[in-house]
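Residue strings, one per chain:
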Amino acid sequence: MERRKFLKLLTTVPALAATAALVSPLLRFLKPNVERFKITAPTALDAAHGEPIPVATLKEVSNPWDYKYFVFTQKYPQYTPEGFKAANVPGVVIRLPTKITLYDPTTGQGPLGWARDIGKTPKVSESDIIVFSRICPHLGCIYNFVPNYKEVTAGYGGYAPPPPRQHALMACPCHLSIYDPADPQLPGRVLSGPAPRPPRTFLYELQGENIIATDVEPGGIA
Amino acid sequence: MWERVRDWLAERRQKLDLFDETLVARQDNPLYLMGPMLYYFWLITVVTGVILMLWYEPTTTGAYSSIERIQNDIGRLAVTFLGHPVTLGGLVRGLHKYGADALITVIFLRIYRMYFLGEYKKPGELSWILAITGLILGMISGITGYLLIWNQRAFWAAKVVLTVPVYFDQIPVLGPMKFGSMIAFLFLGGPAVGQATITRFYAIHFGVSLVLLILVEVMFQRTRRKRINMSLFPLTLFLIMLIVISIILPAESGRRADPTRTPLPILSDWYFLALYQYVKYTPPLWAGLGPGLLIGFGMLVPFLDRSKGRGPLQRPFFTVVGALAVIYFLAFTALILFNIAVIERDPLIIMNITLVVLVLGLLWELRYRRRLRKAALSGIRPPVRVSAHG
Ligand code: HEM
Ligand code: FES
Numbered sequence: 005m006e007r008r009k010f011l012k013l014l015t016t017v018p019a020l021a022a023t024a025a026l027v028s029p030l031l032r033f034l035k036p037n038v039e040r041f042k043i044t045a046p047t048a049l050d051a052a053h054g055e056p057i058p059v060a061t062l063k064e065v066s067n068p069w070d071y072k073y074f075v076f077t078q079k080y081p082q083y084t085p086e087g088f089k090a091a092n093v094p095g096v097v098i099r100l101p102t103k104i105t106l107y108d109p110t111t112g113q114g115p116l117g118w119a120r121d122i123g124k125t126p127k128v129s130e131s132d133i134i135v136f137s138r139i140c141p142h143l144g145c146i147y148n149f150v151p152n153y154k155e156v157t158a159g160y161g162g163y164a165p166p167p168p169r170q171h172a173l174m175a176c177p178c179h180l181s182i183y184d185p186a187d188p189q190l191p192g193r194v195l196s197g198p199a200p201r202p203p204r205t206f207l208y209e210l211q212g213e214n215i216i217a218t219d220v221e222p223g224g225i226a
Numbered sequence: 038m039w040e041r042v043r044d045w046l047a048e049r050r051q052k053l054d055l056f057d058e059t060l061v062a063r064q065d066n067p068l069y070l071m072g073p074m075l076y077y078f079w080l081i082t083v084v085t086g087v088i089l090m091l092w093y094e095p096t097t098t099g100a101y102s103s104i105e106r107i108q109n110d111i112g113r114l115a116v117t118f119l120g121h122p123v124t125l126g127g128l129v130r131g132l133h134k135y136g137a138d139a140l141i142t143v144i145f146l147r148i149y150r151m152y153f154l155g156e157y158k159k160p161g162e163l164s165w166i167l168a169i170t171g172l173i174l175g176m177i178s179g180i181t182g183y184l185l186i187w188n189q190r191a192f193w194a195a196k197v198v199l200t201v202p203v204y205f206d207q208i209p210v211l212g213p214m215k216f217g218s219m220i221a222f223l224f225l226g227g228p229a230v231g232q233a234t235i236t237r238f239y240a241i242h243f244g245v246s247l248v249l250l251i252l253v254e255v256m257f258q259r260t261r262r263k264r265i266n267m268s269l270f271p272l273t274l275f276l277i278m279l280i281v282i283s284i285i286l287p288a289e290s291g292r293r294a295d296p297t298r299t300p301l302p303i304l305s306d307w308y309f310l311a312l313y314q315y316v317k318y319t320p321p322l323w324a325g326l327g328p329g330l331l332i333g334f335g336m337l338v339p340f341l342d343r344s345k346g347r348g349p350l351q352r353p354f355f356t357v358v359g360a361l362a363v364i365y366f367l368a369f370t371a372l373i374l375f376n377i378a379v380i381e382r383d384p385l386i387i388m389n390i391t392l393v394v395l396v397l398g399l400l401w402e403l404r405y406r407r408r409l410r411k412a413a414l415s416g417i418r419p420p421v422r423v424s425a426h427g
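In order, the protein sequences belong to chains A and B.
To get our numbering, take the position in the first sequence, counting from 1, and add 4.
To get our numbering, take the position in the second sequence, counting from 1, and add 37.
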């Protein structure tokens, strides 16, 4: 190797190494909960924590298609000097016309199957009550429960549901994703629009007359 | 290798034309005033921005009220216009907002001019790349500044835009490293839009302008070129126009941000509207990749377009691509303003139109080249490459 080239290499290598060594501390400056020497997978320490709250009474959603909005509060780590932020996760409790399987205890599958990832087991495995997070799984707007499907056709981009789905739907004002809350296989199924998946759901339990939301499926930006 | 890159850069830097400051002879043509006006409007936003900082409060609880006070109370004059008070605060805010709008408009127009007149060709490559970079940074300033008002539109605009990178986690191989979420979290200052987001957006918002301004000045310091190559009359005229608009159409404040209610439809600053319409039509990963590819294409155009001529008719294919981009920008903006979007129908139509137009453009290009070759065979010399601007 030429001498000049060799000397150049000799100076470049430590310079590069120093830069590489700075990446992780720099990231930690911007995002204080990144673990040392890690530059990936930030989500574990960013997990949110919420307190269980009663979101509706059974009487409030006694008939099919009755629904009630509520707001679930979660604490997120936030990179301010105070460190935490309470963020609201709006939700909706819906009484469906028929019972659907929410969780199959033997296989662990079903709409509430995500509970295993946070180390919980759903208390209710089959029900006609379902609780959705209203944060749109597309880009995070708050979607609406629209009791009359004709309003969806009129106001949310002209989607006309086929006869079996001509009932209350959920629709997002931002990019017009439309969801069917009562789809028996996949409640919240995306009927139209850019959303990649059904809305996230809440784990809930029944305590006497009260429906208590305990956890919300993680993911997305609140 | 290194030497070649350095020589290439050195040559381009000599011919660098950030604010059209070398086109002295073209002052009579408004198309060539875009450069100096860019600098002018930029100065206006920076100066008014700094004044706004005196009264603006970057907190979730205080931002909106501080804006309302700037608009209605600070420096109240003894005049009213159509029932609303005229305030110095409102004037400065209007100048900032409309100055920023004018800035973005001028960058857009200048980029289109550079595109259609082939100014990005040698030795203009670097000027072109910097113009595109300027547009991107301007738009970043725009969206970060927009959040500062902390009203409904701003809140949802910020949330939607910063959820887009989360989908980069779906990209094969690179995705599972979660650099997409990382980008979102870094900008938001956490997994939700909150105080940290305002703080970070505030810093980015004026940091981008201030740092860039310093860099530009350091460069100009050595070249002794004029930044604002314009006479005093248009300068005063534009300033008066901005002031008049600020009085007649005070900058909107909208409604205070409400994280539990999304308005229908959501809108944003005008230069993002086309993008918003596009986002309705694509899977979310492409909401991020699409604009990324567009920027990539923009940056690479000087190297992709190997045609000789500079005139729009001398490189039909690229002219067609550019025209298509302009038309889509306008059409998508119109569609979202009228809240028209049929998700089932539109994407197919758009894809088909695009395909047909691109093929037609290609055919045109081929025909043009065949004609050139024929002309060359029959002894007529093809036009030699002219230098930019005669
Ligand atoms: C490229 C440059 C800039 C652009 C495109 C830009 C754009 C914007 C926009 C769109 C808003 C929202 C205004 C509204 O709708 O009411 C805004 C607000 C604001 N900007 Fe800028 N800005 C720029 C530079 C600056 C600079 C350099 C500063 C400070 C040094 C600054 C400080 C502020 C402040 C304090 C606000 C909040 C007050 C308000 O909304 O009226 N900006 N900016
Ligand atoms: S955020 Fe709901 S459809 Fe895009």
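Hint data in this document are derived by calculation from the structure and do not stem from the laboratory.
Predicted model, so just to flag it, every value in this text is computed and none were measured.
Even for Gly, the Cβ is constructed at its ideal location relative to N, Cα and C.
Accuracy of the hints is not assured; some may be wrong.
Said to hold, decoys possible - With a straight-line Cα cutoff of 20 Å, these simulated DMTMM-like cross-link-like pairs (lysine to aspartate or glutamate) come out:
1) A:Lys154 - B:Glu381
2) A:Lys9 - B:Glu381
3) B:Lys215 - A:Asp70
To be verified - Chain A regions said to be covered by chain B (calculated; three or more residues, Cβ under 8 Å):
4) 73 to 81
5) 170 to 179
Do the hints match the structure? See the list:
This hinted pair checks out: A:Lys154 and B:Glu381 have alpha carbons roughly 17 Å apart, not beyond 20 Å. For a cut-off of 20 Å, the pair hint linking A:Lys9 to B:Glu381 is broken: about 61 Å separates their Cα positions. For the given pair, B:Lys215 sits about 39 Å from A:Asp70 by alpha-carbon distance, which is inconsistent with the 20 Å threshold. Only residues whose C-beta sits within less than 8 Å of a C-beta in chain B count toward coverage, and the stretch 73 to 81 of chain A has 3 of them, enough to reach three; the restraint holds.
Closer than 8 Å: that is the beta-carbon criterion, and the stretch 170 to 179 of chain A has 4 residues meeting it against chain B, so the requirement of 3 holds.
Checked against the numbered hints given earlier, this structure breaks hints 2, 3; the rest are met.
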